[in-house]
Each structure stands twice: as structure tokens, then as C-alpha cells.
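J.: Each chain is listed here by its residues.
There are 2 protein chains.
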Amino acid sequence: MPKDELEDEELSMELPKELGVSKTENFAVWYNRIIQLADLIEKRYNVAGMFVWKPYGFRIMANIKKIWDKLFAESGIQETYFPLIVPLEYAQMNKAWFDGFEDEVFWVKGRGEGDPTHILRPTGEPAMYPIFAMWIRSYKDLPLRIYETVSSFRYETKHTRPLIRDREITFWYEIHTVHATKEESEEELKEHMRINDKIWEALAIPPIKVEKPQWEVFPGAIGAIEYYNIMPNGRMLENGSCNNLGQAYAKKFEITYIDENNQKQYAWQTCTGNGARYLVAAIALHGDDKGLILPPRIAPIQVVIIPIFKEKLEEVLSTCQKIAEALKAADISVEIDATEKTPGEKFYIWEIKGVPLRLEIGPKEVAENFVTAVRRDQGKRQKVEMKDLSLKVAVLLEQVQTNLYLKAQKFYENIVVETNSFTEMKAKINEGKVTLIYWCRSEECADEIERIEGVEIVGVIPTNEARGECIICGKPSGEKTYVAKTY
Amino acid sequence: MPKDELEDEELSMELPKELGVSKTENFAVWYNRIIQLADLIEKRYNVAGMFVWKPYGFRIMANIKKIWDKLFAESGIQETYFPLIVPLEYAQMNKAWFDGFEDEVFWVKGRGEGDPTHILRPTGEPAMYPIFAMWIRSYKDLPLRIYETVSSFRYETKHTRPLIRDREITFWYEIHTVHATKEESEEELKEHMRINDKIWEALAIPPIKVEKPQWEVFPGAIGAIEYYNIMPNGRMLENGSCNNLGQAYAKKFEITYIDENNQKQYAWQTCTGNGARYLVAAIALHGDDKGLILPPRIAPIQVVIIPIFKEKLEEVLSTCQKIAEALKAADISVEIDATEKTPGEKFYIWEIKGVPLRLEIGPKEVAENFVTAVRRDQGKRQKVEMKDLSLKVAVLLEQVQTNLYLKAQKFYENIVVETNSFTEMKAKINEGKVTLIYWCRSEECADEIERIEGVEIVGVIPTNEARGECIICGKPSGEKTYVAKTY
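Those protein sequence lines, which keep their order, are chains A and B.
Number 212 in our numbering belongs to position 225 of the first sequence; there are no gaps in the numbering.
Number 349 in our numbering belongs to position 362 of the second sequence; there are no gaps in the numbering.
The hints are simulated quantities; they were obtained by calculation from the structure and are not laboratory data.
Hints may contain errors.
[Said to hold, decoys possible] Reference listing, derived: stretches of chain B covered by chain A, where coverage requires no fewer than 3 residues with Cβ under 8 Å from a Cβ of chain A:
id	segment
1	33 to 41
2	56 to 67
3	133 to 142
4	245 to 258
5	306 to 319
[Claimed, not checked] Below are the SDA-like pairs computed for lysine to any residue, each with C-alpha atoms no more than 20 Å apart in a straight line:
id	chain 1	residue 1	chain 2	residue 2
6	B	LYS315	B	LYS351
7	B	LYS53	A	ARG98
8	A	LYS4	A	PRO330
9	A	LYS328	B	ILE288
10	A	LYS328	B	THR104
11	B	LYS82	A	ARG98
12	A	LYS96	B	PRO206
13	A	LYS52	B	LYS82
14	A	LYS299	A	THR326
15	A	LYS251	A	ALA263
Glycine included, each C-beta is placed from N, C-alpha and C at the ideal position.
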């Protein structure tokens, strides 16, 4: 597992000190540089597909995790932890699943043992479901609604990219639920989507939800809703999935319960998972050519105060401190940068790191009782009177949050185009667009569409309002379908 | 790694529904039962030395983690995450360390690979220190003060015991710091001890800190302070260590910096770690023959309200709800048990789970405007007037917290005895006591003492006030030393 050809082309290069590349013109390089320049991660750890979370990156990701922890707790989904090491006998209970996965598992063993008989958790099911079978006896034990946030491990054979495709998938949550009825499990999935929509709101990104084509759903499962983002290069990134497992897994793992009539029944299950790709979306959709722009609701530092030390140094600094105290009291996270760098150097660094609001305070501000505020998403200086400053800062942060959402929405509106023929669709995709087409849901027509290299039927918008004809076979179709290049 | 002879003798037994054993008479069985009956963990996961954290256990442990996260953040120690999988080339940079550890590592590999060349993180150093060497260039990069909370993996050959000795060591934090001078690293360790003392305060347990004998310190390190508890059976449990690494690791991993005179210098390092054993201490020291008794500061449910449904059901329930709301508003975590069980059954369950305070509310309480409160540590019913109830409940919880601390302190006072000769020491240890002796710090005298089976020189109380003579060689000694059976 050394760093190898799977890794990014830039790895061995000295990382430039400046971003020096445009997000829209070369997203891949921009992304690779910004995650390092903004101090999110350290890529030089010498195992392919694995990296170190640096303190600043960790804090952002931990903030996102706090959002899901809170939402899950409010919904009554309880946190647990299942062991990392999974015995083969557990993994093989669902043989079809394991056979499909076998090439991608990490094997683990102790000293002196022969062929390994244990694997590292590739996903939650094989560790959890044999235990669920022990825990669930009667309908009184249902529903079971739990989650864990862990690292999962895939021996990826594809090109890895930090946070997008890793071999150690960090900050990965999985909700797993078990129910007595199909209806209950369907209600549960709606709850997971309600929660996910809330997370996307905090990330200031409009959620795109699609129904996956049936052949891409877990074997035996009823269906899956997946969340997607559109990246600046027009490629779509899967970002979270909500799976209606039906009774497929219950039958493999013997997850049964005795119902009120004393009959044995197979249980109904759902699972929903996502993780660090939430952060990828925030980086990719909000960032600009100066660096990150973090939505205030996930920013570890919401406000940075830059003292402008021309004269009256003590007064300036004590004003900065007073303001910082007031902001903290209003639950706004704030940092004063009192280092020896020049103001220009400081602006530059905090812009790269995406701090949503900068306050500049110098002798003029102190004398005239105002602060100079600069929103990261706008870059314009504005005077803000000192009176009720915390409240005004809270409003400015809320404006950044809203503006980022609207900008992302506008980006989506511009990049998604409806097309009515295969030729038009192909042309638009090659221009870097995401297309919406009508499709009859048949695998044959999908194959026809996916003949274009790198292009995929992403999924169907689950409404029944649209009316059109499949762009391949011409059959009537009630549903719009995303077709795009994907990650 | 199947469940094997390493595992607890009780594993294959059906777990009894009642505790049915006295903590003081048979601590090992009591412990084994309570961690399962109180729903902390699931032991039936089929890998030796690994278990599932159930929601209630997870919440307690997560509360303890929140305490350390907050203390570390206040101290400016920043959270990070380093990969689980460590390349052998990193591990072998400190060859002496790896040779000593090699039998206890888990090996990991991908499909089709020959002999594994990677291990699972047994401890933080081998993943972190090669990266520290990259990060640190100049004195301006120092100090570096970070931590991570992770699972660590040891292929234990000893008898495993959940939370005490696991093969997957969960909720394990490690602080690692790097400094320009020896003095700074010594100050840093004092800070780690100050933080640890605070954690022990939250756990309502007086900390016992000792200096380890030099030959038990990490190879090349300057010294180590370790925390210990005394278990109900008189055996001492190591519970956290603060290590002064000196420059030993810096020299192996080439962690150097350029000082202000442009000279290359090796850095000074410390590391401090602990984890789920904090919970072991709270279980073992505070529990009684009815179950757990959780210190309010770590209890996920601080107050349980039991409605007594004799009559006026709606009034009773709405009173319970009003009280719960008021308590929540005062930041007290509360749960109403409105299930169909009898009050007696509910009392029993919540006592096992160690909820510090129970409020009973029936028609009489509603009519006369009071609640019946029962402290878990006392078991006596007391009337509490409804007026200012949240404040009174907060006081009761504080009293539980203090009382648990005092009880643990008293237990320590009774079980620790000073002895003045080898014969007396041996007799007291065999009676189940922990002894304090004078010892000259020589390895020869230690060997003499440790000839008693299972007995260990635990460590020296780092003060210089005591004056006596080594119980073996008679040389003058300034220091009292703990000698006891250990885990």
C-alpha cells in the first residue's frame, strides 16, 4: 500500500505557496492545492489513499459531525460503536455481497496466524447485523434505530482522491434501523432524508436527491435515494445514500421477531450513510480563487479580528479583545490574529482558510467607534457601528450563509440543462453541463446513454409531474433523469 | 482471533437477569455482569477482546470524552486524526520499540499481497512522529501540541477483560507535544496532570499519581507519571500515563528544529494517554450491589422521573412533563419512564443503570405539591417541595457527586496501609490491602519485593517529604512507594 500510481499527479511536487490556479478552469488542481494550503489535511502520509486530518480541517469536519449528531439525537437515533475487525463468518452471511466486495477488503491477522480470517470493516452491516439478530426477539424490541461514526476501509483499485475516494474513509456515519413493517421502514427513510436536508441547509447547498436505477441498488434491496452535488467541472459527486433494504438482509442474517400473534417474521431494514464528502461539497461549491469560503454554520472560526497596529497599539488591542469577548458571549466563534505579520499577509491567510467574516480594527476605528467588516463572499469593506455589534455580526454571518446558498443554487441553475435528444445531451455534457432528460427506466436505453465515456444515468427525480418521451426509445416517461459525468 | 481461552470464564454462560453477586466479595464476576446488565456493552461479538458499545454505555463514555475534549481545547491542545494503517518503515524507525511490540501487532494487507508490510496503529507514535519531522522546521513551529481520540490495536496474549484489557482499545486519547526545551516539555506535563486531575474530579475519584520505576519507562525516555486506581479487590489498575520522552524519540524520528542561532537541535517531547479505563474506575469505585452509581457529571441521564399511576393519570403525567421541561431548561438531563412496567420494576432497572437521582411523582405528590426524591447513593426517600425544584435537584446532584468522591476517598484511606517490613507488607497484601513502603529505588530491592506472585512496585509518590528506610536494604529513602497486586 505505498503511495503509488493511484495517487494524485501533484503529490510529489512541492506544494506551491499560492493557490495560483482558477477553480473554474482547473478544478482538480485547485481542489488538491486548497485542501493542503488551507491546512485541512496532510497528504504526505506514506500510505496510498490515507491522509492526516490537521487541526483546522478536523475542526471543520467535527462541526459537521456535531450537526448530524444533534439531528440524530433529536430524532432518537442512538449512537453506538461496533468493532473494526470483522470475522469472515459474519461477512459471508451475505455471500453475494461479500463476493462483490472481496477484492476491496483489507485482511488482518495476528502474528503467527496463517491466511487471515478477519477483515477490516468495509461497511457497517457485517459487524452489526449478526448482533441485531441477537438483540431482536419480539416486536417489543422494534424499532431499533442506531448509528455509528467510524472509519471504514476499502482497498480501492481506482485513483484515490483525498476526502472523495479514500482507502481509509474517515468520519463516516451509518444509520441502521430495523422495523416490524415495510411502512415503518419507509417512514424511517423519509426521516433520514429530512435530516439530510437539514445538514445540506447547514452546508448552504441545495440538495439534489435522485432515485437510483434498480440495478444499482444493493442486491435484494427495494430501492435507494442518493444525494448528489454538481462539482465546478460539471461532474456529479454522490454524496450520501438512503437505502430501503426491505427484508433482503434480514433473510441473510436471520433478523426475525415474534409478532403480536406469536408468529416469526423477518424484519424490515434501512441504512443511510455519509461522511467527509459533505466537506468536499462545501469546499468545491463555495470556494473561489482566493481559497475556501466556509458557511458560517460549519466554520470553526466565524470571525477573525485583525488589529491594525499603526498607532495606539494598546487601545487597538484592548478594543479587539473587548469585541472578541462580546462575540463569544453571543456564541460566535472568533479569533484575534495578533501575530507579527502584516495586515495584508493576515488577510491573505484567513481568506485561504475561508473565515466568513473579517473585522479590521485600527486607530481610526477605535477613535470613531466602528469596525471595518469584510464578508469573505463579497470582499468589500463596510463600516459597522460598534453599538449592538454582536447582533450585527450575527446578521452579517447569516447573510453570508444565505448568499452562499443562493450562489450555489444559481450555479446549479446555470449548469443543469434539459435536453430532448441523445445528440443534444451528449453535446451539452461535453460542454461541461449536467443534463436532465426523459428516460423510460429500461436498462437497454441506459446502456445506450452510458456508451458515452464517463457518462452515467445518475438517477431519477422522484416526482411524477414531468411528462415526456424517453430520448432513446421514445416511450412515454413521467420522470426527469440526471445524466452527467460522475466521480 | 475467535473468542477463546483468553476470554472471561462467564462468556458462554447465559447472563443472569439479576446482579446476584456482591461487589466486595466477588468483584470480577460483579464487574462482568454489571457492564452487561446495565447495557453498557455487548460481549457476544465474536472476536476475542472486542465488544460492541451499546447506546447507554456509549453515552456515558461520550460524556467522559466531552470532558477531555473541552479541557484540551481550553488548554490549546488541538484535535487531529492520523491514519489507522501504519507502514512498517514508520514503525521501524524506532527499532527497539518495534521489536518489543512486534508480537502484539495486528498485520494488515490488501488482496493478492504477500507478507503484510503494514500494521494497525498500536499507539500513536509511529504514525505521528514521521509527520512531525515534516512539520517542524524552525523554533517558530514549536510548541506543537496535538491529540487524537481513536481505537488502538494490540494483539493481547494476556486474558482480555472488556474496557480493562481489550484488543481493540476504544475511546483512546493520546496527547503528543513537541518543544524547543526540556523545561517547556516539563511544564507541558504538569499541564497534562492538571487536566487529568480535573477529569478525575468529574469522575468523583481522588487521583493517585506515582512516578514509575526507571526501568518501566519507555526506552530512552526521562520518566513517567502514571495514574492508578485501587479496585474493590485491592488490586491497582493503571489509569493514564504522562510520559516525559526527552529527546529519545526525536533522535529516532529525526524531529529537529533550527533554533534562533540557526543551529539544528533535537526537539523535546511528551505524550499522555488514557481512555475507557476512566469508565472502569467509575464503575468499580462507585457501584454497589444494586448496580452502577454514576457521578452526575458523567451520567447521560441525571434524573429519572417515575410517574406513580394509581389515579389521576393525566395530572400525574402532565406534572412529570412540566418538571422534566423545567429540569431540561436548567441543563439537567432527565428522562420520564412512562412505560407499562410497575414502579418497582422501574426502580430496579434505573438503579442498575446508576441514574444518580430518581423522582417519584404520584397523585399524593401532585395534590400536595412536592416530589419524592431518592438519591442513588443513599436509597432514602425524601420529600422535596416543588418550589424552585430545578435548583434543589441541582443541589441534590451536587451532593451525590461530592458524596461519591468522599466515599471513594474513604475506601482508599481504609485499604491503603503503611508497612515497615517485607513480612508485614506481604501479609497486608495477602489480606487484600495496598501497601505503602519505603524503597531505595534500586532494581535489586524491587526484584526482592516482586518475588511475591502478582505483586508489583507500582510507583513512587513524587514528593520529598517522607523520611524512612528501604524495607529491603535499609538504605535511607525519601519517598513512599505503592506496592500492590495489579491488573
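J.: Tell me, in ascending order, the numbers of any earlier hints that this structure violates.
T.: 4, 5, 6, 7, 9, 10, 12, 13, 15
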